[in-house]
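For this one, chain A is given, so just place chain B on it according to the hints.
Line order of the protein sequences matches chains A and B.
Per this note's numbering, the first sequence starts with residue 1, numbered consecutively.
Per this note's numbering, the second sequence starts with residue 1, numbered consecutively.
Derived from the structure by calculation, the hints contain no laboratory data.
Among the hints, erroneous ones may be present.
Said to hold, decoys possible - Computed spacing ranges between beta-carbons, pair by pair: (1) B:K64 <-> A:A26: 25 to 35 Å; (2) B:K64 <-> A:A93: 25 to 35 Å; (3) A:Q34 <-> B:K64: 44 to 54 Å; (4) B:R68 <-> A:S22: 19 to 29 Å.
Stated by the list, open to error - So, partial list: chain A residues that the calculated Cβ filter (under 7 Å) puts toward chain B: (5) V10; (6) N58; (7) Y60; (8) D65; (9) L85; (10) V88; (11) A89; (12) G90; (13) A92.
For each residue, glycine too, the CB sits at the ideal point set by N, CA and C.
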Amino acid sequence: MAATLRIPTVLRPAMGGASIISVEGATIGDVLGQLTVTYPAIKGQLLNDDGTLHRFLNVYINDDDVRYLGGVDAPVANEDEITLLPAVAGGAA
Amino acid sequence: MITLTKEQRDAIVATCIRALPDEGCGLLLGSTSGPDAVVADVVPSQNVSYSAKVYEIDSRVLLKAYRRADDEGLEVLGVFHSHTHSEAYPSPTDIAQAPDPAWHYVLVSLRDLPTVLKSYKIVNGVVSQEDVVSH
Numbered sequence: 001m002a003a004t005l006r007i008p009t010v011l012r013p014a015m016g017g018a019s020i021i022s023v024e025g026a027t028i029g030d031v032l033g034q035l036t037v038t039y040p041a042i043k044g045q046l047l048n049d050d051g052t053l054h055r056f057l058n059v060y061i062n063d064d065d066v067r068y069l070g071g072v073d074a075p076v077a078n079e080d081e082i083t084l085l086p087a088v089a090g091g092a093a
Numbered sequence: 001m002i003t004l005t006k007e008q009r010d011a012i013v014a015t016c017i018r019a020l021p022d023e024g025c026g027l028l029l030g031s032t033s034g035p036d037a038v039v040a041d042v043v044p045s046q047n048v049s050y051s052a053k054v055y056e057i058d059s060r061v062l063l064k065a066y067r068r069a070d071d072e073g074l075e076v077l078g079v080f081h082s083h084t085h086s087e088a089y090p091s092p093t094d095i096a097q098a099p100d101p102a103w104h105y106v107l108v109s110l111r112d113l114p115t116v117l118k119s120y121k122i123v124n125g126v127v128s129q130e131d132v133v134s135h
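So here's chain B without its partners, still in its complex pose:
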């Protein structure tokens, strides 16, 4: 389960909409307890692939996020990105490139309105959806 505030959810969706026509992306900072995560902050990134079909987090944003997490006693607990014309489910590319089995992978689909936000764990290529609690 991943828990985030309504404002954080809105920030994720807004980042993805601003990135159009490209995929939008960013990192999630927060704390974890077993399989559960609580988001403390949403860190938007440029999509340095500048593409509607692939994304990559800016390497400088990534380093800063890890440094900040260390300083503030937080974790980089996952990543979000958008699929502009497909469902909010990890693609084969997402699965192949998922670096960390402990991470939470948040997917936003902008294909339909209202936008759809879902979250997944990806462990050894196996995708499992988790609950998203937004309050």
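Just chain A, with the same shape it has in the complex:
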């Protein structure tokens, strides 16, 4: 399954500089797991130690946040567009 991955500006320096790359995997967990092998420096920004999605990373398949599609088990279809965006959060606490 070949899908397209859009990489946010802040992750590009650690991922070879490209904004769009081709990725393979049957699920989002497969795709992100493969990325952590290729780019070990970003592992902590993508996945937790237990393999779940990092709290402050938004991952989308096409228009949908994968948290609503099964998280790391969300299936990836051929020609899907996967987008990574750091969550935007903060607050006075």
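Same frame as chain A, but now just chain B:
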């Protein structure tokens, strides 16, 4: 320096007041030139943390904003949020979670009247205030 119209400034403050008692938040679209930014549009978001102490932009609003920026030749240049009972200065949480050194972080304090709006850059944990030009 960040430049915005009076209407955009009012839209930011109105979003924050409508969100009370929770923190209000939203994204800023526009264009940048070096350290300077000009706001083209204010994109309000639900605070999906639904909290008076923390905020998070709705992930769907975030994706739409990036798509729209691509389509219109704009940038997502920053974020605004309110502090309901404290000053308009980035908290340790804001600093720790600031994702992008290129972004402009607009803070609105609703603690006192009139409301206070300030803007900051946050680079590697170092906060520097920038001028806000509203016209």
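We went through each hint and held it up to the structure:
A hinted range of 25 to 35 Å holds for the C-beta pair K64 of chain B and A26 of chain A, which are about 28 Å apart. Between K64 of chain B and A93 of chain A the beta carbons are some 27 Å apart, a value that agrees with the proposed interval 25 to 35 Å. As the Cβ distance of Q34 of chain A to K64 of chain B is approximately 28 Å, the hint placing it in 44 to 54 Å is violated. Between R68 of chain B and S22 of chain A the CB atoms are about 25 Å apart, so this pair conforms to the stated range of 19 to 29 Å.
Evaluation of the V10 of chain A hint against chain B yields a held restraint, the C-beta minimum of about 5 Å falling below 7 Å. Hint status for N58 of chain A: holds, given a least beta-carbon distance of 4 Å to chain B, under 7 Å. Because the smallest distance between the Cβ of Y60 of chain A and any Cβ of chain B comes to about 6 Å, under 7 Å, the interface hint for this residue holds. The closest approach between the C-beta of D65 of chain A and any C-beta of chain B is roughly 5 Å, which is under the 7 Å cut-off, so the hint is satisfied.
A least Cβ separation of about 6 Å between L85 of chain A and chain B falls short of the 7 Å threshold, and the interface hint therefore holds. The beta carbon of V88 of chain A comes within 4 Å of a beta carbon in chain B, closer than 7 Å, and the hint placing it at the interface holds. Given the 7 Å rule on beta carbons, the hint for A89 of chain A holds: about 4 Å separates it from the nearest Cβ of chain B. Because the smallest distance between the Cβ of G90 of chain A and any Cβ of chain B comes to about 4 Å, under 7 Å, the interface hint for this residue holds.
At its closest, the beta carbon of A92 of chain A sits 4 Å from a beta carbon of chain B; the interface hint therefore holds under the 7 Å criterion.
Consistency note: the structure conflicts with earlier hint 3 alone.
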